Amino acid sequence: NAGVMQNPRHLVRRRGQEARLRCSPMKGHSHVYWYRQLPEEGLKFMVYLQKENIIDESGMPKERFSAEFPKEGPSILRIQQVVRGDSAAYFCASSPLTYEQYFGPGTRLTVT
Amino acid sequence: GQNIDQPTEMTATEGAIVQINCTYQTSGFNGLFWYQQHAGEAPTFLSYNVLDGLEEKGRFSSFLSRSKGYSYLLLKELQMKDSASYLCAVRGGGATNKLIFGTGTLLAVQP
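One line per chain: the protein sequences are A and B, in this order.
Just so we're aligned, residue 1 is where the first sequence starts under my numbering, counting upward by one.
Just so we're aligned, residue 113 is where the second sequence starts under my numbering, counting upward by one.
What the hints contain is simulated information worked out from the structure, not anything from laboratory work.
Do not rely on the hints blindly, as some may be mistaken.
[Unchecked claim] With a straight-line Cα cutoff of 27 Å, these simulated BS3-like cross-link-like pairs (lysine-lysine) come out:
#1 B:193 - A:71
#2 B:169 - B:193
#3 A:27 - B:180
#4 A:27 - B:169
#5 A:44 - A:62
From a predicted model like this one, the values you see are computed outputs, not experimental measurements.
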């Protein structure tokens, strides 16, 4: 059973470009969570999704950030018009209903 | 508000025992998790407590007191590979399953 997969592992974008981060949950997991980890800081919750539904987006910045988890395919975290402050590690986690969340390897976004 | 406190750094000796404390104040509570994170890697699940008491799993044990808003992770027979950050996280109540993380405790194991 493959773990949570994220790609790309590293992403470099210039200010103003768009970043698309992909997450494929573990097989059988229908719950996906996105977290952001800034340098020297803890993980911060961003959004919780189930297939085709956003359940909790209380941690998402109000502008430029969006997330989806379509019926088919991976979950996508999209950041429009990136700024230097968006540079961070973005982790996706999945879970089967409610219990521990399994984390992917993360995408390290660098904005130049 | 939501607040989770852990020491920033700890140092211990190989073969020894170390206890990492975590205190929390959250608007809801539906379990407390401990994760291990090596530099540049994903957090990996260590333990889960939802009821008061001690959960033991090999060299790792975790304790929870809900009335005190307190947990600790106990690592026995420390090995060099245990050098990592240890993250305390609380799952909030209600419909959301989001985890609220502390900033983590960076543990350095010395020979």
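Here's how the hints hold up against the structure:
1. B:193 - A:71: violated (40 Å)
2. B:169 - B:193: holds (17 Å)
3. A:27 - B:180: Between residue 27 (chain A) and residue 180 (chain B) the Cα gap is close to 38 Å, so the pair fails against 27 Å, i.e. violated.
4. A:27 - B:169: holds (26 Å)
5. A:44 - A:62: Given pair residue 44 (chain A), residue 62 (chain A) holds - Cα atoms ~15 Å apart, limit 27 Å.
Hint compliance for this structure: hints 1 and 3 are not met, and every other hint is.
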